[in-house]
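Since the structure of chain Z is already known, use the hints to place chains W, X and C on it.
Residue numbers (our numbering), protein chains in the order written: chain Z, 277 to 614; chain W, 277 to 614; chain X, 277 to 614; chain C, 277 to 614.
No wet-lab data here; the hints were simulated from the structure.
Every value quoted in this text rests on a predicted model; they were computed, and no experiment measured them.
Where hints are given, some of them may not hold.
Which copy? The list can't say, so a pair holds if one copy fits it or any two copies do.
Derived DSBU-like pairs (lysine-lysine); straight-line CA-CA distance at most 30 Å [stated by the list, open to error]:
1. K432 <-> K323
2. K343 <-> K283
3. K536 <-> K323
4. K323 <-> K553
5. K283 <-> K298
6. K553 <-> K346
7. K479 <-> K536
8. K604 <-> K343
9. K296 <-> K343
10. K536 <-> K604
Number of protein chains: 4
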Amino acid sequence: MIIVMNKTATEQQIDSVVEKIKHLGHGVNISRGTNRIVIGAIGDESKLTPEMFDPMPGVEYSMHIVKQYKIVSRESHAENSIVHVRNIPIGGEKIQIIAGPCSVETQEQMDLAAQQVAAAGCRLMRGGAFKPRTNPYTFQGKGVDGLTIFRTAADKYDLPIVTELMDIRMLDTFLEQDVDLIQIGTRNMQNFDLLKEVGRINKPVILKRGLSATINEWLMAAEYIAAGGNHQIIFCERGIRTFETAYRNVLDVTCIPVLKRETHLPVIIDPSHAGGKAWMVPALSRAAIAAGADGLLVEMHPNPCDAWCDADQALNPQELTELMQSLKGIANAIGRSL
Amino acid sequence: MIIVMNKTATEQQIDSVVEKIKHLGHGVNISRGTNRIVIGAIGDESKLTPEMFDPMPGVEYSMHIVKQYKIVSRESHAENSIVHVRNIPIGGEKIQIIAGPCSVETQEQMDLAAQQVAAAGCRLMRGGAFKPRTNPYTFQGKGVDGLTIFRTAADKYDLPIVTELMDIRMLDTFLEQDVDLIQIGTRNMQNFDLLKEVGRINKPVILKRGLSATINEWLMAAEYIAAGGNHQIIFCERGIRTFETAYRNVLDVTCIPVLKRETHLPVIIDPSHAGGKAWMVPALSRAAIAAGADGLLVEMHPNPCDAWCDADQALNPQELTELMQSLKGIANAIGRSL
Amino acid sequence: MIIVMNKTATEQQIDSVVEKIKHLGHGVNISRGTNRIVIGAIGDESKLTPEMFDPMPGVEYSMHIVKQYKIVSRESHAENSIVHVRNIPIGGEKIQIIAGPCSVETQEQMDLAAQQVAAAGCRLMRGGAFKPRTNPYTFQGKGVDGLTIFRTAADKYDLPIVTELMDIRMLDTFLEQDVDLIQIGTRNMQNFDLLKEVGRINKPVILKRGLSATINEWLMAAEYIAAGGNHQIIFCERGIRTFETAYRNVLDVTCIPVLKRETHLPVIIDPSHAGGKAWMVPALSRAAIAAGADGLLVEMHPNPCDAWCDADQALNPQELTELMQSLKGIANAIGRSL
Amino acid sequence: MIIVMNKTATEQQIDSVVEKIKHLGHGVNISRGTNRIVIGAIGDESKLTPEMFDPMPGVEYSMHIVKQYKIVSRESHAENSIVHVRNIPIGGEKIQIIAGPCSVETQEQMDLAAQQVAAAGCRLMRGGAFKPRTNPYTFQGKGVDGLTIFRTAADKYDLPIVTELMDIRMLDTFLEQDVDLIQIGTRNMQNFDLLKEVGRINKPVILKRGLSATINEWLMAAEYIAAGGNHQIIFCERGIRTFETAYRNVLDVTCIPVLKRETHLPVIIDPSHAGGKAWMVPALSRAAIAAGADGLLVEMHPNPCDAWCDADQALNPQELTELMQSLKGIANAIGRSL
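Here chain Z stands alone, though its shape is the one from the complex:
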């Protein structure tokens, strides 16, 4: 932590800051520059916050020198971590494409979708039983019945399932249905009570990035899960909110190399929600894999025009198969495989 003093700070004000740092059990370094005096607090930074010093007289500002996340940081664990979903590794040499419909509709739809997902060569399946919808008057998901339908369909093709948990009270049901990979959605990235709860269980978790979450906030949200003991965390970028109105969100590919540097955990991309249109998905998927993503979360529906939600962003089965083909070439070009 460094504390930068105002140009006009008095010696007494400097002394007060020094005293406070010592009182908190830290060492002190004072650097007297031409325009400012900078006071360094030596010791475990996580015990200090800028709020402790900013309101003191004579302080211009203070800031941490190191990042505040620990368990999820690359600094704490140099090697890449591989998260296993049943026996499927995410974060290793193999890239995993997780596909399936936006929402569970019927047993027939899910059976068909599962068959198509498996046929395309994907090894995990996604589907929503509980849907976070902006509009309270639109379809809110099939709920618990949807989970059962999903589980049944996926089991026929031995596909681990990925689905979103929105309500803390549903966690037991998720465990009963043996959901293989629990997704925390964009709107719940900082639902800290929910994060704490999934931190206590022994199931892999996908943590989607909030619409306007910084990399730092996202890593801190993962740290909430990790602090509870659950280190099986997969980051999923799904587009961020910007000023642009020509597409729903802006897929942030820069976060891929940056996360790879900051954390040892896997990083996947959701190209369907990012752009919001099926025709954008192939280009965004290729970009994500080329930039180093460990996998994708892609919407596919047996018949997109009839989908009950997000109809315009789902690939059809044929498009998914073609996408898989084209991603193989990209994966090979960077020394990985699908």
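Quick look at chains W, X and C alone, frame taken from chain Z:
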């Protein structure tokens, strides 16, 4: 709802859209322009979504013509609604300043704060027992004990209390403690399950705007609460996320006249979280009241330097008293009172 | 300047940084913390940039400790500066409302507008002869003829004129027409060659904030003008670009107290371009004055419905008169006058 | 153009709108829905603007149905356009990597850089003689001398040169030095006078996207150039401004498929300015090519640590060579070549 067809759309594609609209029980208007054909669907728009038409061949895009919120809309209720917190009206001629510390720390601190809030002329008190913190390793609030401390302190000065509900499982405790005004925080604005639950109770709710929530999303979130039967909703703007790094968030005063036009419900402002610094609070508070806000949610701490969280954004008691004085003049200038 | 070394930086890497700092003529302070080594460069920071150190092996990042603007900074000049436009002071106790149409259309329109601006009690007039339009096929302004028309109309009521300079080659014409206050528009805030040219003349300049310019970039743009010798600079906030689509831009009132702290120069607000709608102007104007702005730049047209551009954001003469009235009360409440 | 009337609009107000549309020479379609009346104006939309109708009584809002750019639109020209820089095609099957230093420093530096650019297999060279710098006290470029140095160095290896034009008054010098590809920088994307001037010459132009320019504004800026007669325009995305602070800008890869749909002109990417760090460049470059970009604008310096500006974002010659190698694989995977 209008559906704009591609320049190259065929008559058959147009027919398919027309048929689908009719099948959904709506009337049709076709406008054949120089460059585009625009198809209007006549009837209750809330039954239709752009997703139903966007994936159809020949469709360029489709969009709603009217807003999707109903109960909260000014169109459904022309007069201003006044929300009563016990006997204190919010949304009428009188402007309400809700003050208090960021977090409940001790009984002594809260007793002192309550006395100071009342002395400054404020009629409601705020305080946090459950704190949403970015960092899992920092103080997370006093929890249920904090509620009891808060209730005890506020009762001595007959102040209704405002506090944040983060976890759905705590709602019963909030009702037992008879929290007068329940705050839904920024990070939970689209925690739809939480919104549905507070929609079922008979208590006023403050709905804070999400960090990057549009006005439309915010109104739709309020509609979630209203749809459950609870119409006692107060909007609270607390700064939005932008590119600017010189201050924590940008207080969006434009939302005040816009919300006043779109909804009949009260609008208040949190100047403390917006700027993030106590020295910005007076200017932002005056701007908010001058722009037509119905009240403020302001942080005040008996001794800001010793506050357990957000120390740098709390006013001290003397500053709160001065702020109240200066706001009186602004209120008078626009024909209201404090 | 401080340079933060990686946790794994070697002594040799630290030595290289130290050597480079000394070679550049600065002193060195080394602070060895628990997790990081922080090297401070002691001396005139403006000679150093992070780019000099960031690419060196072992360096995590480096940053300036003080701001890079000088002449415009409050630190260099503690008192408020008052900019005089002819004999009208901007930045003092009196608040100045600059009103007039978006664009110069005809002599009749400008004569009428000038009469109405003066009648409303405004002491300066605005009007555009050269218009920055997003669309090349729309009206681009009356050009040089527009300047003459504007000058003629304003002189009848002894109003100093404010108009935008877009093209460096027009500067001589502006001086010939004796434009009293030259406006640098939003899109040209970082047109550095234009800034350098207006830095060499002896005329007051309004520097509008770029659509997504940070406070720091804005102050640095002003420094370009000031570095040339022209210190008569007025900052004008006109709304920033965000994710919100319900209004054109978000008026950033927080910038008012922040600029007042960072610079000694006057700050005014353009409420017309910010919101983009005439009905938002009164609320935004009141907010700006309440937050401490030194004036406003407001669009008024004799007959808004017939305006050649931005018709939907201009007040009519009656609305301007009413606005002036309401602003007087706000000004009084904060100890200033109109 | 459609005009949506308020729910409470009177027949007289509707008539006024209809009359105005007819008066402007357009046909009218009226669609009377359940909640709103929508009036369609039939004819050449470019003659109408929302501003013409929005201020009229009873109008809720109005909007264009088609985009306002013409020459640059894919609708006006279905095939991809290839821009030739001397004999090098941009926008065809071959992907072009344009490399070189941020700024021209010395003849030796540029000679060496040119040799390295050619050796790596690049067919065009970039370099800055005039530099747009945020800080007026930092190096502003070598100016005209820099152009001569650049020309001399590039000619030795027969490399067409790309350099930025900031000041309209320098255009003649650029033509004298026979600059092969003129770059309009981010800060000048809406410097309309500059756009008009380069629209009158017969030289290819790179139009960089403004920091917070929408796709629509960017296309309209290109239309300014095209309207003057110069259709040799290349779009260059270089990162947009968002809330994220972990990297300089966010590279917007979604714009690649979107531009490819909206315009027939080539699209390239600048990965160096986007991320701001050399170590991010390979991942961003691969993402851009995988998403369909026609080329890259990459910073390479013979010795990045000694670069006079942007030292931390330049690749060294070895890194450029490796990047070219890795991009070949990506290009092949999508059926193109380097």
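Going down the list of hints, with the structure as the test:
{"no.": "1", "hint": "K432 <-> K323", "result": "neither (51 Å within a copy, 35 Å between copies)"}
{"no.": "2", "hint": "K343 <-> K283", "result": "both (27 Å within a copy, 12 Å between copies)"}
{"no.": "3", "hint": "K536 <-> K323", "result": "within (27 Å within a copy, 34 Å between copies)"}
{"no.": "4", "hint": "K323 <-> K553", "result": "between (46 Å within a copy, 22 Å between copies)"}
{"no.": "5", "hint": "K283 <-> K298", "result": "both (23 Å within a copy, 24 Å between copies)"}
{"no.": "6", "hint": "K553 <-> K346", "result": "between (37 Å within a copy, 24 Å between copies)"}
{"no.": "7", "hint": "K479 <-> K536", "result": "within (22 Å within a copy, 42 Å between copies)"}
{"no.": "8", "hint": "K604 <-> K343", "result": "neither (36 Å within a copy, 37 Å between copies)"}
{"no.": "9", "hint": "K296 <-> K343", "result": "both (22 Å within a copy, 27 Å between copies)"}
{"no.": "10", "hint": "K536 <-> K604", "result": "both (21 Å within a copy, 23 Å between copies)"}
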